[in-house]
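In this text, residue positions in the sequence shown follow the working numbering: the first is 77, and each later residue adds one.
Among the hints, a few may not be true.
[Unchecked claim] Pairwise CB distance ranges, derived in the manner of DEER restraints:
| id | residue 1 | residue 2 | range |
| --- | --- | --- | --- |
| 1 | 128 | 209 | 49 to 55 Å |
| 2 | 255 | 168 | 41 to 47 Å |
| 3 | 86 | 173 | 39 to 45 Å |
| 4 | 106 | 203 | 39 to 45 Å |
| 5 | 173 | 209 | 41 to 47 Å |
| 6 | 209 | 245 | 17 to 23 Å |
| 7 | 216 | 83 | 28 to 34 Å |
[As the list claims (entries may be wrong)] With a Cα cut of at most 25 Å, we get these calculated DMTMM-like pairs of lysine to aspartate or glutamate:
| id | residue 1 | residue 2 |
| --- | --- | --- |
| 8 | 94 | 188 |
| 9 | 110 | 241 |
| 10 | 110 | 121 |
| 11 | 90 | 141 |
| 12 | 110 | 129 |
| 13 | 110 | 215 |
| 14 | 110 | 204 |
| 15 | 110 | 134 |
| 16 | 94 | 254 |
| 17 | 90 | 254 |
| 18 | 90 | 215 |
| 19 | 110 | 238 |
| 20 | 90 | 266 |
| 21 | 94 | 129 |
| 22 | 94 | 266 |
| 23 | 90 | 272 |
Read the hints as simulated data drawn from the structure, not as lab findings.
Even glycine gets a Cβ: it sits at the ideal position worked out from N, Cα and C.
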Amino acid sequence: MTADDGARLGRIRKLLAKAERAGTSEEAMTYTQKAVELMARHGIDAALLAAAEPGRDDIGATRVDIADPYSAGKARLLAWTAGAMRCRALLHQVRGGRVTAVTVFGFSSDRERVELLFTSLLVQAARELGRCRPAFRGESVAAYRRSWLHGFALQVHRRLAEAEERAARSDGAQSDAEAAAARTALVLADRRGRVERAFADAFPGTSRARRSSLSGSGFTAGAAAGDRADLGAPRLPRRRQLGA
Numbered sequence: 077m078t079a080d081d082g083a084r085l086g087r088i089r090k091l092l093a094k095a096e097r098a099g100t101s102e103e104a105m106t107y108t109q110k111a112v113e114l115m116a117r118h119g120i121d122a123a124l125l126a127a128a129e130p131g132r133d134d135i136g137a138t139r140v141d142i143a144d145p146y147s148a149g150k151a152r153l154l155a156w157t158a159g160a161m162r163c164r165a166l167l168h169q170v171r172g173g174r175v176t177a178v179t180v181f182g183f184s185s186d187r188e189r190v191e192l193l194f195t196s197l198l199v200q201a202a203r204e205l206g207r208c209r210p211a212f213r214g215e216s217v218a219a220y221r222r223s224w225l226h227g228f229a230l231q232v233h234r235r236l237a238e239a240e241e242r243a244a245r246s247d248g249a250q251s252d253a254e255a256a257a258a259r260t261a262l263v264l265a266d267r268r269g270r271v272e273r274a275f276a277d278a279f280p281g282t283s284r285a286r287r288s289s290l291s292g293s294g295f296t297a298g299a300a301a302g303d304r305a306d307l308g309a310p311r312l313p314r315r316r317q318l319g320a
């Protein structure tokens, strides 16, 4: 890690600490959004540095254990977070639709961002799920929470993808704007293509996951929570068992 990397991560941590102490949701969102942008910028810089120094950032896999309850929803959250950060994900499913683990496949720097962020998102989602209940009498709490997690994951993916796109375009502020933006786009496209080819070689015959069919009414509430979620670099200790 360079001195610039350390300074940026330190700034992200400070912004998130301010967001956690904010007196209003609007103030918290201001700090959080800035942290999101810095985290995306960090990913772009790592990609450009790796392009300049071949062998610095290798493609590989990280297996993340997923625990019940709602293992499929947690796995979807991880997979969509990985997709927004230019990684692929393979869900390890067993009978009944339960997911025991997810293999995240991509460049080392991107896998690290995915794993750290997922740890934080899982904690945030669990906190929200503990408070939410169906609005309609008689609705299954489990069905509501499954649909809530779906909405949460979808909005998190959207926000992350938008932040990554903005970070890639920000190279246009350099002196040779068009050339810088074009170079960044080529580097990112090359990285994504290399991940796709390596994933296909490592897991031949793997198909894209089918669209989920959920009956609960929690999607809207989950999507709103996804809009509020803290997407900055978390300050939690790393751990392999992330689904508990």
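Do the hints match the structure? See the list:
no. : hint                     : result
1   : 128 with 209: 49 to 55 Å : holds (52 Å)
2   : 255 with 168: 41 to 47 Å : holds (43 Å)
3   : 86 with 173: 39 to 45 Å  : holds (42 Å)
4   : 106 with 203: 39 to 45 Å : violated (21 Å)
5   : 173 with 209: 41 to 47 Å : violated (23 Å)
6   : 209 with 245: 17 to 23 Å : violated (41 Å)
7   : 216 with 83: 28 to 34 Å  : violated (48 Å)
8   : 94 with 188              : holds (24 Å)
9   : 110 with 241             : holds (15 Å)
10  : 110 with 121             : holds (17 Å)
11  : 90 with 141              : violated (30 Å)
12  : 110 with 129             : violated (29 Å)
13  : 110 with 215             : violated (38 Å)
14  : 110 with 204             : holds (23 Å)
15  : 110 with 134             : violated (29 Å)
16  : 94 with 254              : violated (36 Å)
17  : 90 with 254              : violated (33 Å)
18  : 90 with 215              : violated (41 Å)
19  : 110 with 238             : holds (13 Å)
20  : 90 with 266              : violated (33 Å)
21  : 94 with 129              : violated (36 Å)
22  : 94 with 266              : violated (37 Å)
23  : 90 with 272              : violated (35 Å)
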